[in-house]
Every structure is written in C-alpha cells, then in structure tokens.
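Make a model of the complete structure from these sequences and hints.
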Amino acid sequence: MAPQAGERDPALPRVVAVGFNKCGTRSLAQLFARAGHPVVHHKLRSSWPSRLWKPRRIGRLMRRNVEAGRPVFLGAEDYIFYGDLIDSSAQGSFDANTLYKHILTDYPDTILLLNWRDREDWIRSRLRHGHGEFAARERRLRGLAGRQELADVWRREWDQHLAAVRAFMASRPQQLIEFQLDHDAIDDLVQRLSAYGLRPEHFGDIGRSRDRQLPAPLALAKRWWSHHRPRSQG
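Taken in order, the sequence shown gives residues 60 to 293; the numbers are from our numbering.
None of these hints come from the bench; they were simulated from the model. All C-beta atoms, glycine included, are put in the ideal place defined by N, C-alpha and C. Hints may contain errors.
List of simulated lysine to aspartate or glutamate pairs, EDC-like, C-alpha gap at most 16 Å [as the list claims (entries may be wrong)]: (1) Lys102 to Glu126; (2) Lys102 to Asp154; (3) Lys160 to Asp137; (4) Lys160 to Glu126.
Derived DEER-like restraints, expressed as beta-carbon distance ranges [said to hold, decoys possible]: (5) Glu179 to Arg129: 22 to 28 Å; (6) Pro259 to Arg199: 36 to 42 Å; (7) His261 to Ala70: 17 to 23 Å; (8) Glu136 to Ala254: 17 to 23 Å; (9) Gly95 to Asp180: 19 to 25 Å; (10) Arg93 to Asp137: 32 to 38 Å; (11) Leu203 to Arg258: 39 to 45 Å; (12) Asp211 to Gln233: 34 to 40 Å; (13) Glu136 to Ala223: 34 to 40 Å.
What follows is the structure, encoded as structure tokens:
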C-alpha cells in the first residue's frame with residue numbers, strides 16, 4: 060500500500076541534515092514537507108498533556124536515547140527529514156548533529172545531508188539569532204566573557220565537525236550529500252534526491268526573510284519577547 064500524504068515512505072531512506080542551525084535547515088524542511096514528506100525541524104509536534112513530559116526538541120530526544128542505549132530516533136522514527144538538531148536551553152546546550160555515527164549504526168541506509176555556508180556569515184547569523192538571545196544564552200552556558208570568544212569557539216566547532224563528518228563518510232560517499240547554500244544549485248540537490256519527488260521552487264530562504272517582513276513596532280516587540288519569554292524545558 061502506498062503511503063498517504065504526510066506519512067513516511069518506508070522505501071525511502073531518512074535524510075538527516077547534519078550541518079548546523081542557521082544553515083538553511085528551515086528551507087530544507089520546507090522542501091521535503093511541500094513534497095508530502097513528514098519532517099521534523101528543531102521541535103516535535105506534540106499535544107497537551109503529553110508535551111509536559113515528552114521532550115519536544117528533537118536534539119534532546121536523540122541525546123536521551125543515546126544515553127539510555129536506545130535507537131537514536133526512537134519516539135520520532137516516522138519522519139523522512141530531520142534538521143536543526145540543536146538542543147539549547149537555559150539548562151545546557153547540545154548539538155545532536157554530532158550523533159551521525161549513532162544514526163548510521165541504528166539506521167544504516169540514512170542519507171546525511173551536510174548543509175553549510177560561508178563560515179563567517181554563519182557566525183554573524185548565529186550572533187543575531189533570536190535578536191541576540193541565543194548568543195547571550197550560549198555565552199552563559201559556556202562561561203565565556205564576550206561575543207568574540209563565543210565566535211572563536213563556534214569557529215573551532217564548525218571546522219572540527221565538518222572535517223569529522225567528511226572523514227567518517229569517506230568510506231560511504233554515496234550516503235553523504237554536501238549542500239553549500241551560497242553556491243550550490245538547489246536543482247542539483249533535487250536531482251541527487253530524485254526519488255523523493257522534491258521541486259526546486261519549494262526551496263526558499265525562509266529564515267532570513269521573516270524579520271524583514273515585520274513592521275518596526277512589531278519587530279521591537281519580537282526582540283523584547285525573545286529575551287524575556289519563558290523557555291520550554293522540553
């Protein structure tokens with residue numbers, strides 16, 4: 060029986076974006092969602108009251124599963140695309156894109172999508188993310204004094220992660236797709252993933268366009284809310 064719209068097709072491997080957040084993850088999620096595939100971007104959809112005890116961030120679920128010796132996507136196995144795997148909260152910060160070895164052990168046919176962009180542009184985007192709240196939180200969690208120290212840490216993590224993924228996947232190049240947002244054509248990515256029925260026109264720069272569409276008073280209100288709203292613990 061063919062899968063219904065929004066259901067995972069078991070004949071298709073999962074595609075996991077193992078680049079960092081602020082590297083087109085929202086646009087990539089839309090690309091798959093518009094083709095009818097179930098996607099998870101940063102947070103799992105859950106309803107009350109289950110959201111009170113179930114982790115909503117996909118990165119937190121993945122980390123807890125690995126720590127408990129469970130399959131990394133247990134509890135979230137019904138998706139085709141996974142992206143924005145960071146779990147950053149007032150309690151700690153962990154990026155589940157580092158769990159790519161566990162992913163391939165538990166789901167051997169998975170395709171890793173290494174999404175990346177110009178590193179310095181990525182750092183600037185991260186520093187602005189959430190009107191600066193994300194960077195301020197990361198500084199507190201890491202015990203860093205200023206933005207430059209944080210940028211240096213992110214720079215090292217970027218270089219180490221990309222090098223590690225490429226080295227590990229050298230023996231299985233057919234399961235690694237690199238997508239450089241600044242230069243690579245979306246048509247080429249769609250062609251590489253032709254079995255998924257993706258369409259280039261469904262890919263767009265979503266993240267960087269949202270704030271520009273807001274009137275000034277609303278943008279100011281959003282900035283205030285980013286720094287003062289209560290944060291989910293899940």
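How the hints compare with the structure:
1. Restraint check for Lys102 and Glu126: not satisfied, since their Cα atoms lie roughly 19 Å apart, outside the 16 Å limit.
2. About 13 Å separates the Cα atoms of Lys102 and Asp154, which keeps this hinted pair within 16 Å; it holds.
3. Simply put, Lys160 and Asp137 have alpha-carbon atoms about 20 Å apart, too far for the 16 Å limit, and the pair is violated.
4. Restraint check for Lys160 and Glu126: satisfied, since their Cα atoms lie roughly 14 Å apart, inside the 16 Å limit.
5. For Glu179 and Arg129, the Cβ-Cβ distance of about 38 Å falls outside the hinted range of 22 to 28 Å, so the restraint is violated.
6. Look at Pro259 against Arg199: about 41 Å separates their beta carbons, and that is inside 36 to 42 Å.
7. At about 21 Å, the CB distance of His261 to Ala70 agrees with the hint of 17 to 23 Å.
8. Between Glu136 and Ala254 the beta carbons are some 19 Å apart, a value that agrees with the proposed interval 17 to 23 Å.
9. Distance hint check for Gly95 and Asp180: the Cβ-Cβ separation is about 32 Å, which falls outside the suggested range of 19 to 25 Å.
10. With their beta carbons about 18 Å apart, Arg93 and Asp137 fall outside the hinted range of 32 to 38 Å.
11. Checked against the hint of 39 to 45 Å, the C-beta distance between Leu203 and Arg258 comes to roughly 42 Å, which is consistent with it.
12. Checked against the hint of 34 to 40 Å, the pair Asp211 and Gln233 passes, with Cβ atoms roughly 35 Å apart.
13. As the Cβ distance of Glu136 to Ala223 is approximately 25 Å, the hint placing it in 34 to 40 Å is violated.
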